[in-house]
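Enquirer: Protein chains in written order, with the numbering used here: chain A, 6 to 216; chain B, 654 to 879.
Among the clues, some could well be false.
Stated by the list, open to error - Partner residues are not named here, just some residues of chain A that face chain B (Cβ under 10 Å, in silico):
(1) VAL85
(2) ASP86
(3) HIS90
(4) ASP112
(5) TYR138
(6) LEU151
(7) GLU161
(8) ARG163
(9) HIS164
(10) ALA165
(11) ALA166
(12) GLY173
(13) ARG175
(14) GLU177
(15) VAL180
(16) MET182
What the hints assert, rightly or not - A few chain A residues facing chain B, derived, Cβ under 7 Å:
(17) THR82
(18) THR89
(19) LEU139
(20) ALA142
(21) GLY143
(22) GLN152
(23) SER156
(24) VAL160
(25) ALA162
(26) TYR181
Simulated from the structure, these hints should not be mistaken for laboratory data.
Idealized CB from N, CA, C, for every residue including glycine.
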Amino acid sequence: MTIKRTDFIKGRTAVVPAGVAVGALNNKFAWAKAADFANDVEVLNYALTLEYLEAEFYRQGNSAGLLSGKEKKYLETIQVDEETHVATLRDTISKLGGSPVAAPGVDFADAFDSRKKYLTLSHTFENTGVSAYLGAAGFITDKAILQAAASIFGVEARHAAIVGNLLGLRPEGGVYMGAFETPLTSTEVLDAVSPFLTGPDSMKDDAAITL
Amino acid sequence: MNQEHDHQLFGGKPVIEFRSEHDRRSFLRNALLVGVGTTYVATVAGDPTSFLRSSTANAVGTRKGPATNDIDILNYALTLEYLEAGFYERGIAADLLSGRALALVTPIRDHELVHVKAVKDTIKGLGGKPVAKPKLTFPKSTFKSKDKFLATASTFEELGVKAYHGQVPLIESVDILAAAASIAGVESRHAAILADLIGGDPFPAPFEGSLPMKAVLKAAMPFIKS
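This is chain A alone, in the form it adopts within the complex (with noise of 0.2 Å):
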């Protein structure tokens, strides 16, 4: 592994820059090119993985003790969201008929040292939550789960803005990131996220999860 989080949070700036994908509505996105998904259930269980790390990053996030007040308050519903999502992820794919992955080991090292830190990789992992979602939403066939994959992508957003303005970071490029939403392949987010992941459990090694 050769990425280290300092690189991730400072890569963000350019996988997502601000204002990018003015012209996306007449280009073709990253999702019809590549072909990481087989089906729906892979979709899923990719999702799943991501929402596996968000909810473990925040149960160990607001164990911290680091927010008070309104912060704490958002943080714990964002939390409770990414649970939700989990288990709703895992019902859909037993439904689907498909095995749901197990969480992977994840490891989010100094993160948890300071409200700034814990905020900073929280709007890194919301932001790169949305653009996963659109980039594999093409991906999804069966139009009741894609809407549900749309319906958890724009809470997804929802948390990246509001952490962003906890941070108080600038309204172009820290809030909003730009007047579209940009998507990124599961190679790119796998990469960013693979520094937190650990272990046999690890998406690398799940085989479910295609790269």
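Start from chain A and add chain B according to the hints.
Expert: Chain B only, in chain A's frame:
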């Protein structure tokens, strides 16, 4: 946010006046086409399995009425974006905001203007005819105070988010779907920030809700001047 709240947008005053009968009809026709014989997936807040039940019931994609094509959906989106853009242009011009609130709301106006242009260009690119910019007449009270402006904006954005999500399963082209989703995500950011600015709840549910055109128009109808 609830339906009743939606209905109170702009105090029930008509604010949209279409430039031509063609535009008005093309906008309203969509609502009628999509509204009849169509069951939508309702992502019920707090019930994560609601969409699954809809899935098994095969509710989505089973359109019994005439098909609403992607250009119709884009013209519907364009009209709502015109409405939003015009709303923010007037709100910002009214000079009600300052500091962080102004810094956060100004880009929202800019995004809506970009959305208008992008959706319009897409319709043209597909060989369709974009609806002309409707004439907008907002009640003066909308921009009388910062609180009123932001509260209206918040309601408006929540409606916009639901409107986009209502169209997701109906869009046929994967490229248009991508574009619509990339706009919808931005509307979600707007909705969250506005909720925060007015002391509301930026995270009302773990899933975005959706509304069919018919319901959106029912909420928006009072401000469409016929």
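Enquirer: Using Cβ atoms only, decide whether HIS90 of chain A comes closer than 10 Å to chain B, and label the hint accordingly.
Expert: holds (6 Å)
Enquirer: Holds or violated: LEU139 of chain A as interface residue toward chain B, Cβ cutoff 7 Å?
Expert: Nearest chain B Cβ about 6 Å off; hint holds.
Enquirer: Quick check on MET182 of chain A please, does its C-beta sit within 10 Å of some C-beta on chain B?
Expert: Given a least distance of 8 Å, the restraint on MET182 of chain A holds.
Enquirer: Given a cut of 7 Å on the nearest C-beta pair, is the interface hint for GLY143 of chain A held or broken against chain B?
Expert: Since the shortest Cβ distance to chain B is 5 Å, the answer is holds.
Enquirer: Per the CB criterion, is THR82 of chain A less than 7 Å away from chain B?
Expert: Hint on THR82 of chain A: holds, closest Cβ of chain B at ~5 Å, below 7 Å.
Enquirer: Given a cut of 10 Å on the nearest C-beta pair, is the interface hint for ARG175 of chain A held or broken against chain B?
Expert: holds (8 Å)
Enquirer: When the nearest CB of chain B is found for GLN152 of chain A, is that gap smaller than 7 Å?
Expert: Holds, about 5 Å.
Enquirer: Go through the hint on ALA142 of chain A and say holds or violated, using the shortest Cβ distance to chain B against 7 Å.
Expert: Cβ of ALA142 of chain A sits 6 Å from chain B, so the hint holds.
Enquirer: Checking hints one by one. Is LEU151 of chain A an interface residue toward chain B, by the C-beta closer than 10 Å rule?
Expert: Where the cut-off is 10 Å and the nearest Cβ of chain B is about 6 Å from LEU151 of chain A, the hint holds.
Enquirer: Should the interface hint for ASP86 of chain A be scored as holding, given a Cβ-Cβ cut-off of 10 Å against chain B?
Expert: holds (4 Å)
Enquirer: Would you settle whether the hint for ALA166 of chain A is holds or violated, based on the nearest Cβ-Cβ distance to chain B being less than 10 Å?
Expert: Nearest chain B Cβ about 4 Å off; hint holds.
Enquirer: Given TYR181 of chain A as an interface hint, is its Cβ closer than 7 Å to any Cβ of chain B?
Expert: holds (5 Å)
Hint violations for this structure: number 4 only, all remaining hints satisfied.
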